[in-house]
Amino acid sequence: MTKTFRRGGIHPPDNKLSAKTPIEVMPLPDTVTVPLSQHIGAPSTPIVVKGDKVLAGQLIATTSGFVSANIHSPVSGTVTAIDNIPDAGGMRRPMITIKVEGDEWAESIDRSPELKTGCSLQSSEIVEKIAAAGIVGMGGATFPTQVKLSVPAGKTAEFLIINGVECEPYLTSDHRVMLEKGEELIEGIRILARALGVKQSFIGIENNKRDTQEHLQGLLAGATDIKVVPLKVKYPQGGEKQLIDAVTGRQVPSGGLPIDVGAVVQNVGTAFAVYEAVQKNKPLVERVVTVTGKKLRKPSNLLVRIGTPINSLIEYCGGLPEDAGKVIGGGPMMGRAMSNTNAPVTKGTSGILIMPGDESLRPAAASCIRCGKCVSVCPMGLQPYMLYKLASRNLFANMELFSAQDCIECGSCSYTCPAALPLLDYIRLGKAEVMKIMRARKA
Amino acid sequence: MDNKLIVSPSPHVHGKTSTRRLMLDVLIALLPAFAVTIFVYGTPAFIVTAVSVASCVLFESLIQRFLLKGRSTVDDMSAVLTGVLLAFNLPSSIPLWLVVLGALVAIGIGKMSFGGIGRNPFNPALVGRVFLLLSFPVAMTTFPSPAPDAMSGATPLTFAKEALKSGQSVSSLMDGVSYTDMLFGLKAGSLGEIAALALLVGFVYLLCRKVITWHIPVAILATIAVFTGVLHLSNPEHYMSPIYQILNGGAILGAVYMATDYVTSPMSKKGMIIYGVGIGLITVFIRVWGAYPEGISFAILIMNAVVPLIDKYVKPAKFGAVKPAKR
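For the record, the sequence lines run as chains A and S.
All the letters of the first sequence, read from the start, carry residue numbers 61 to 503 under the numbering used here.
All the letters of the second sequence, read from the start, carry residue numbers 163 to 489 under the numbering used here.
Note that these hints are calculated values from the structure, not bench results.
Mixed in with the good hints, there may be bad ones.
As the list claims (entries may be wrong) - Capping the alpha-carbon separation at 25 angstroms, the derived lysine-lysine pairs in BS3-like fashion look like this:
| # | chain 1 | residue 1 | chain 2 | residue 2 |
| --- | --- | --- | --- | --- |
| 1 | A | Lys-496 | S | Lys-480 |
| 2 | A | Lys-449 | S | Lys-477 |
| 3 | A | Lys-159 | A | Lys-215 |
Computed from a predicted structure; not experimentally measured.
Put together the whole structure using the sequences plus the hints.
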């Protein structure tokens with residue numbers, strides 16, 4: 061039987077419009093704006109000033125704490141400003157603006173297309189290189205990768221699991237990377253496995269990407285250290301806890317981390333970035349972004365420099381359709397609707413999704429009919445209807461008893477609710493309050 | 163900045179399910195049984211159903227408009243479904259004014275007095291039926307004969323109860339009784355309960371459309387079958403066979419269409435099993451030792467009352483509810 065996670069889940073229409081479109085290199089923009097906070101953790105500290113000339117791949121901001129990441133210039137040119145600029149949500153955040161001049165790269169970077177295999181570095185050296193390259197989780201969570209690779213004392217990593225699930229509808233960037241950069245990806249996985257000291261790695265891929273499963277299986281013929289694990293199509297299989305369950309059958313305990321069950325999960329894009337960082341000395345300055353939507357003229361997978369304005373990607377793919385209602389950073393299930401498309405692509409931008417106006421509004425909410433569908437689709441085994449009721453009455457302390465803190469915010473409950481209740485909106489609110497209560501108790 | 167863009171929290175897509183769609187699916191599932199009952203009982207059955215549906219819809223919209231002063235919820239089709247289910251629990255010969263009264267009690271007391279859809283603790287159609295049964299027992303238990311050669315007047319359950327009480331043995335009263343007639347609906351009974359097979363066809367449709375899960379109907383029917391099976395084996399001449407018990411009365415109608423009412427049944431799978439077993443047990447107790455030949459309506463209403471308790475104590479298995487492994 062094909063593997064999948066143990067409970068809940070939904071099957072939204074997958075709408076992978078750009079699955080067959082090869083990755084295309086997007087032309088350089090005139091200017092880039094590079095946010096100092098593109099990762100979870102402390103914002104980076106700029107080490108350039110206005111007027112400095114920079115090369116592509118040159119370090120322009122450094123980590124400012126244990127959980128933080130380096131940032132490199134994605135282009136060559138002149139720093140024209142370091143100030144607060146509105147991000148996709150309209151919040152002003154510190155960013156470095158660089159005027160693009162030519163495309164000169166820092167000398168240490170190997171930009172040749174040749175595959176470079178074999179890595180004899182020590183674990184700590186690999187982690188250092190990854191930290192230096194500013195790599196973060198590229199599935200969207202943007203957790204600094206070097207932190208995830210530092211296994212806490214007393215724990216051991218047994219498996220590395222590569223997340224090739226891409227369960228969000230519409231998104232295809234990981235799919236294309238697996239198909240077009242398979243050899244580099246496998247090398248990246250071996251490097252990550254070496255850094256962690258694990259003998260066994262898995263690549264979890266859903267059955268809607270058979271081409272990818274076969275391609276990677278072909279490349280891995282004869283190898284036993286990496287196994288392709290075909291998975292049944294079901295959202296949210298790309299959730300870290302769901303993926304570990306699907307691949308190994310182990311449950312990350314409530315409140316725990318993957319390493320508690322001996323697993324480390326990395327995204328496909330991240331593993332590819334690790335290959336480039338370790339074998340090619342190339343920091344994370346560009347990524348593949350799916351630009352898609354039913355009314356968009358040319359749904360595409362673009363290789364884009366970090367800091368490129370989102371609206372220039374949309375222009376490149378045929379421009380914003382006239383009836384566009386919503387522009388989403390990420391997929392339709394967990395992505396964020398943006399108010400400002402001048403904002404830049406960041407390390408965590410996996411996709412830009414344009415929804416037509418008629419699909420952008422939510423259906424009118426009615427009364428809960430207690431159908432229990434939210435309970436049966438919740439992958440965490442929670443009772444969304446109950447959490448919704450408690451949150452709407454400000455009974456946050458009770459929400460902890462119903463494990464609001466375990467919610468992974470996948471949105472399956474809201475998606476499936478026949479009364480179209482905003483279940484996740486309320487649960488999110490309550491979860492934040494529960495987290496406050498839990499922190500206050502610890503302090 | 164482009165201010166025409168809509169911004170809202172995720173998820174940005176919604177599934178196709180709606181309350182209306184679910185209610186429509188249940189109505190579609192009831193069509194085969196409706197066809198059988200029209201075939202067996204003719205125009206009166208159609209008129210009873212039409213009056214019941216019209217009254218339920220009318221009462222809901224009037225109460226919504228003049229008493230609750232809220233937005234009309236009639237278009238969610240739940241009142242239509244209540245109307246059909248109420249009619250399915252009535253004999254085709256019932257006076258029409260009783261149908262209207264039953265609809266008023268079902269919608270007015272059973273549903274709207276609690277605030278409307280989603281808030282009622284008891285199945286509205288059953289509230290209407292039980293009110294009529296207790297207040298007008300004769301009209302509610304007089305059934306026209308479905309076919310010249312079939313069992314007359316009394317439903318198979320009433321017939322068996324009376325016969326056993328008067329000291330007849332099971333084998334003597336089973337003489338000439340055809341299970342096939344019971345399966346296809348050639349017997350006396352309320353509109354919706356006679357067509358066992360047609361009701362099961364609808365059950366399969368509901369399962370395929372994922373409107374309901376198997377848990378409640380299977381728990382009820384299995385409990386009835388096992389309980390009456392044990393009794394039947396212990397004394398085959400004194401207790402009816404489980405097949406007789408399942409095929410007759412409201413067992414299938416109740417298990418598949420009444421007990422599965424979303425609003426008045428538990429939310430978790432485990433809870434559904436407990437609820438279903440409870441309904442099965444109470445039904446058999448009433449049928450075998452109680453004053454009434456049929457007890458599933460009472461059983462469902464009693465277990466409806468227990469649902470809040472079940473939902474409070476029976477939670478779904480939480481993901482990650484394991485002790486952190488020591489390694």
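Against the structure, the hints:
1. With a C-alpha separation of about 22 angstroms, the suggested pair A:Lys-496 and S:Lys-480 falls inside the 25 angstroms cut-off, and the hint holds.
2. Using a Cα cut-off of 25 angstroms, the hinted pair A:Lys-449 and S:Lys-477 holds, with the two alpha carbons roughly 16 angstroms apart.
3. Between the alpha carbons of A:Lys-159 and A:Lys-215 the distance comes to roughly 46 angstroms, so the proposed pair goes past 25 angstroms and is violated.
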